[in-house]
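These protein sequence lines map, in sequence, to chains A and B. Position 79 of the first sequence, counted from 1, bears residue number 79 in my numbering, the numbering being contiguous throughout. Position 31 of the second sequence, counted from 1, bears residue number 1031 in my numbering, the numbering being contiguous throughout.
Note that these hints are calculated values from the structure, not bench results. Take these hints with a grain of salt, some might be off.
Stated by the list, open to error - No more than 20 Å apart at the CA atoms, straight line, and that leaves these computed lysine to aspartate or glutamate pairs for EDC-like:
| id | chain 1 | residue 1 | chain 2 | residue 2 |
| --- | --- | --- | --- | --- |
| 1 | B | K1077 | B | D1055 |
| 2 | A | K57 | B | D1002 |
| 3 | B | K1077 | B | D1054 |
| 4 | A | K57 | B | D1094 |
| 5 | A | K11 | A | E85 |
| 6 | B | K1052 | A | E85 |
| 7 | A | K11 | A | D86 |
| 8 | B | K1077 | B | E1008 |
| 9 | A | K14 | A | D86 |
| 10 | A | K11 | B | E1042 |
| 11 | A | K11 | A | D24 |
| 12 | A | K78 | A | D63 |
| 13 | A | K78 | A | E52 |
| 14 | B | K1056 | A | D101 |
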Amino acid sequence: GAGVSQSPRYKVAKRGQDVALRCDPISGHVSLFWYQQALGQGPEFLTYFQNEAQLDKSGLPSDRFFAERPEGSVSTLKIQRTQQEDSAVYLCASSLPAGPDTQYFGPGTRLTVL
Amino acid sequence: GDSVTQMEGPVTLSEEAFLTINCTYTATGYPSLFWYVQYPGEGLQLLLKATKADDKGSNKGFEATYRKETTSFHLEKGSVQVSDSAVYFCALSDRSGNQFYFGTGTSLTVIP
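Excised from the complex, chain B in its bound form (with noise of 0.2 Å):
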């Protein structure tokens, strides 16, 4: 069946370092991708999606290109912030959208 592997955290870093969460997924068809954020306390909010291949999605400094032939979905983002502390995860759906896989989420913590 459909699944996301994500990178296992916890990811600590310094600010202004640079970010890679990596994202791979395993599907039949063509899924659309997305990354969702959970900050402390708070509900999980979108943060970036791609629908297609060699779709690049954006937000907030972070980035992910869908790539169908290594099926991934990284996520970078050249310079964090404290500010981007917070629970990353990957998440797709199937063409039909009626369900949706998440990973198991990575926890970065970004230090001053």
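Just chain A, same shape as in the assembly (with noise of 0.2 Å):
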């Protein structure tokens, strides 16, 4: 497809799972975004990519939160040992070039933490 694609859409996990969340950018996309969305609030951001190198991750909110594109292209953010807090939607975005510009979002992953 055209946009951008995160899967699963809809996960839930015991307390003390691990998970892992993709995000298939627009295909020639140099930025990837992850950002965190709690219910009723806008979007917190996580981490960046530019290609394969993260060059942020100031907004991981603990060791817990791991994030790679190995490639450039496909990124995965894994979540070790979830706790209930970390219950969210998580979001992916793309953009173009480097440095600031329209991100295209992904529909998101709903993550529940029984």
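Put the complex together from the two separate chains, hints included.
Here it is, written out as structure tokens:
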């Protein structure tokens, strides 16, 4: 497809489980962002990639969160030992150039930790 | 640090009413400013943007002007339609483009 895709769309995990969320950006887009959106809130920045390089991970809330983009295309956000406070929608966005520009968002993955 | 503050909702308007959603920002340097919209059941999509002071972004009848002196980027529309019902997010990116900051969102409902 032409847009950003994310999978799975919904994920239910038991507390303590590890999860992996996938993002397929628009082909050729250099920049990729991950956000966490709690219910009723705006997206909160987690991390940013330019191609395969993770240039900023200052928004990751703890060392249980890890993101990678090994070939500069698909990205995976991994959360280890999930906690209830990790429940949120995780959004991925991509943009063509490096630097500030329009981001194209995926539909998000809704994570529920029981 | 950089941040965005936007008017809290929810906002309910009658069709053809005038809309203003306030947004102010705090930033070091000269950020780019954006309004994103999220229609029910859909993902975030760009509505309009402005990249420097005094620029006006516009799209689908919506407008916002980048005001450096008041650090604001208020969203306006002269005559809203039922189809404009959505959640609107103000956002900024720093000059590096490495980080984006979003407001908490303003829910708009337009009634016929």
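Among all the numbered hints in the text so far, which are the ones the structure does not match? The structure conflicts with hint 6 only, although it agrees with all the remaining ones.
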